[in-house]
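A.B. asks: In order, the protein sequence lines correspond to chains A and B. Read in order, the letters of the first sequence are residues 1 to 493 in our numbering. Read in order, the letters of the second sequence are residues 1 to 106 in our numbering.
These aren't lab readings, by the way, just hints derived from the structure by calculation. The beta carbon of each residue, even a glycine, is placed where N, CA and C say it ideally should be. A portion of the hints provided could be inaccurate.
[Claimed, not checked] Facing chain B, a subset of chain A residues (Cβ under 7 angstroms, in silico):
(1) Gly45
(2) Glu144
(3) Gly167
(4) Leu173
(5) Leu176
(6) Val182
(7) Leu197
(8) Ala198
(9) Gly199
(10) Asp240
[To be verified] Here are a few chain B residues that sit away from chain A, every Cβ distance over 10 angstroms (derived from the structure):
(11) Phe10
(12) Val11
(13) Leu20
(14) Ala21
(15) Val25
(16) Ala43
(17) Asn44
(18) Glu57
(19) Gln59
(20) Glu78
(21) Asn102
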Amino acid sequence: MPVYYLEFIVVALGLVLLMVDAFVKLEDKRSLARLAILGLVVVFGLLFFVKAPATAEGGIWNFYAAPDKLSLFFKGLALLSTILVLIMAIDYTPLVVAQTANPEPGAHPQAGLGEFFALPLFACAGLMWMSSANHLVSIFVSLETVSITFYILVAYLRRNVGSLEAGVKYLILGALSTGFLVYGFAWLFGVTGSMDLAGIGEALAKEGVNTTAALFAFALILIALAFKLGAAPFHLWIPDVYQGAPTPVTAFLSVGSKAAAAVVTLRLVSPFLASTPLVGKVTAVLAIVAILTLLVGNLAALPQKNFKRLLAYSSVGHSGFLLMALAAAPRVSVENAMSPATVVGFYLGAYLLMTLLAFLVISSLRAAIPGEELDSYRGLAKRSPFHAAALVVAMASLAGIPLTAGFFGKLFAFQMAIDAGQWWLLAAALVAAAAGFYYYLKIAVSMYFSAPGKEDDTSAIRVAPLTGIAMAVLMILIVLAGVAPGVIIGLLL
Amino acid sequence: MELTLNHFLFVSGALFAIGLAGVLVRRNLLIIFMCLELMLAAANLTLVAFSRFHLVEGQPAYDAHVLLFFIITVAAAEVAVGLAIIVALFRSKETTDVTKVNTMKY
């Protein structure tokens with residue numbers, strides 16, 4: 001089966017979902033989400049049966065790279081995060097219904113819910129395509145498929161001012177970054193005379209390349225990618241959008257959108273890193289952005305009071321570690337050093353597991369803890385030991401404690417910086433990691449060792465079965481990847 | 001006077017700068033949105049100019065034109081979604097002034 005069928009199947013599934021929503025009278029539209037999850041699980045299974053094509057030239061292969069392990073890994077990440085986001089969305093349904101219901105008499109009580117389950121599929125198809133895009137056109141189109149879907153999803157709660165505000169902010173800044181991206185693409189085309197990444201790489205590696213124009217193009221593209229990745233100083237939208245968006249969408253944004261931005265960054269930056277006339281300046285710029293991102297993300301997370309906002313700054317911080325791996329890449333000369341693609345892939349895999357686990361806990365606690373304020377998580381261990389345990393595992397992994405997936409993610413990133421001799425970068429990363437220990441573990445401590453406030457509800461909290469299973473699986477995977485990181489690395493090499 | 005690549009690049013660069021300045025300075029969401037479109041138009045002009053002056057076997061490099069059409073299409077989709085969000089915001093807040101959209105802060 002050709003690999004690009006996977007994206008087509010996901011898009012078709014999304015269309016089917018929309019049609020079913022429009023023409024079939026469903027009592028409970030949550031069955032749409034279950035259908036989507038089922039379909040995505042099947043596609044995830046098909047991922048293991050794709051074959052490399054005999055020839056990867058002409059036709060669609062001009063826009064779509066032949067499958068390699070990295071692209072298949074990222075497709076898997078996209079599918080997995082979409083499945084988990086849909087599980088979260090099922091839990092989150094009452095809130096969406098309350099904010100989008102049609103007030104007219106006789107309307108379906110869940111009118112306006114169907115698209116909430118169908119849209120993530122289109123985003124997923126875009127994310128999957130992006131991991132294989134090898135041409136500026138397909139990179140642009142897949143990136144925009146994802147972005148436009150996310151504009152809708154972020155602003156989905158159309159009677160909630162917070163969600164709309166987040167949607168508008170995301171829309172304006174996302175469109176701004178698109179402007180930078182296409183202008184950068186135009187200049188990149190002007191410098192290299194080529195639109196596919198292989199041709200761009202060849203043209204940039206030549207001696208006579210116009211370095212000023214090439215660096216201008218690089219700067220424009222880096223600005224756009226920094227927006228999407230949430231790297232400082234272009235991270236300002238992240239906290240507001242993460243806080244305002246519906247929790248499942250926040251989770252999807254922080255994982256899916258970041259993974260896709262990272263893989264695009266990897267592909268777009270590597271031609272510049274492989275070019276001898278440019279590599280010095282490009283690395284310096286990347287290192288500066290990485291240092292800024294590490295410090296800003298982790299230090300700004302310290303005083304946060306809202307859980308989603310804290311995770312937003314934490315996601316900025318994690319972008320810093322990803323950029324650190326990229327900035328350190330070209331100078332690695334040690335034998336057996338991992339390639340930046342492997343490090344970034346592993347980091348994103350670990351990041352997906354732990355961030356989605358944290359968001360699963362938040363969204364399944366949405367009914368019991370409405371405000372997402374950190375204080376209301378005090379004494380959670382007494383009310384729901386399972387939720388508290390899951391959150392502890394997620395926080396430990398995000399902080400990078402040994403025996404969790406996050407530890408090896410950080411370790412590999414540090415290793416790259418050490419091998420490359422980027423000492424300033426390393427110093428910033430150490431400060432960032434230390435700050436991370438404080439604010440992540442603060443939550444764990446307050447869940448177990450603080451008594452709940454007097455006015456707080458102290459009743460026990462139940463877990464929905466599907467969510468419970470998902471949380472348990474994620475916890476096991478985090479610990480598994482923390483004990484035997486080779487399992488994930490094996491998928492990448 | 002003969003038109004060279006530089007003329008086109010200056011014009012498109014100016015367009016991009018005007019668009020960017022508009023996004024940063026203006027407060028009305030609709031005007032900001034128009035300025036964003038201006039930035040995309042600048043990119044389109046750059047693409048076409050590079051393609052026209054980048055002859056491959058006597059023909060312009062048509063790859064750039066393909067990207068241009070995709071940019072136009074995607075921009076239209078973005079406007080459709082964007083205006084819907086702005087209308088929804090206007091319904092609930094009765095304003096399109098970005099400085100009034102600030103319930104979430106540090």
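A.B. asks: A separate judgement is required for each hint: does it hold in the structure or not?
C.D. replies: Now for the hints, and whether the structure bears them out:
1. Gly45: The hint is violated - Gly45 of chain A has no Cβ within 7 angstroms of chain B, the shortest such distance being about 32 angstroms.
2. Glu144: The hint holds - Glu144 of chain A has a Cβ within 7 angstroms of chain B, the shortest such distance being about 5 angstroms.
3. Gly167: holds (5 angstroms)
4. Leu173: violated (9 angstroms)
5. Leu176: Leu176 of chain A check passes; min Cβ-Cβ to chain B is 6 angstroms, inside 7 angstroms.
6. Val182: Holds, because the Cβ-Cβ distance from Val182 of chain A to chain B comes to roughly 4 angstroms (cut-off 7 angstroms).
7. Leu197: It is violated, given that the least Cβ distance between Leu197 of chain A and chain B is near 13 angstroms, above 7 angstroms.
8. Ala198: Status violated, d = 13 angstroms.
9. Gly199: Given a least distance of 9 angstroms, the restraint on Gly199 of chain A is violated.
10. Asp240: holds (5 angstroms)
11. Phe10: Since the minimum Cβ distance to chain A is about 14 angstroms, Phe10 of chain B lies beyond 10 angstroms and the statement holds.
12. Val11: Val11 of chain B clear of chain A: closest Cβ-Cβ about 13 angstroms, beyond 10 angstroms.
13. Leu20: Per Cβ check, Leu20 of chain B is inside 10 angstroms of chain A; nearest 8 angstroms; violated.
14. Ala21: Non-interface label on Ala21 of chain B holds, nearest chain A Cβ at 12 angstroms vs cutoff 10 angstroms.
15. Val25: Fine: 13 angstroms to the nearest Cβ keeps Val25 of chain B off the interface.
16. Ala43: violated (4 angstroms)
17. Asn44: Violated, since 8 angstroms does not exceed 10 angstroms.
18. Glu57: holds (12 angstroms)
19. Gln59: holds (13 angstroms)
20. Glu78: violated (6 angstroms)
21. Asn102: violated (8 angstroms)
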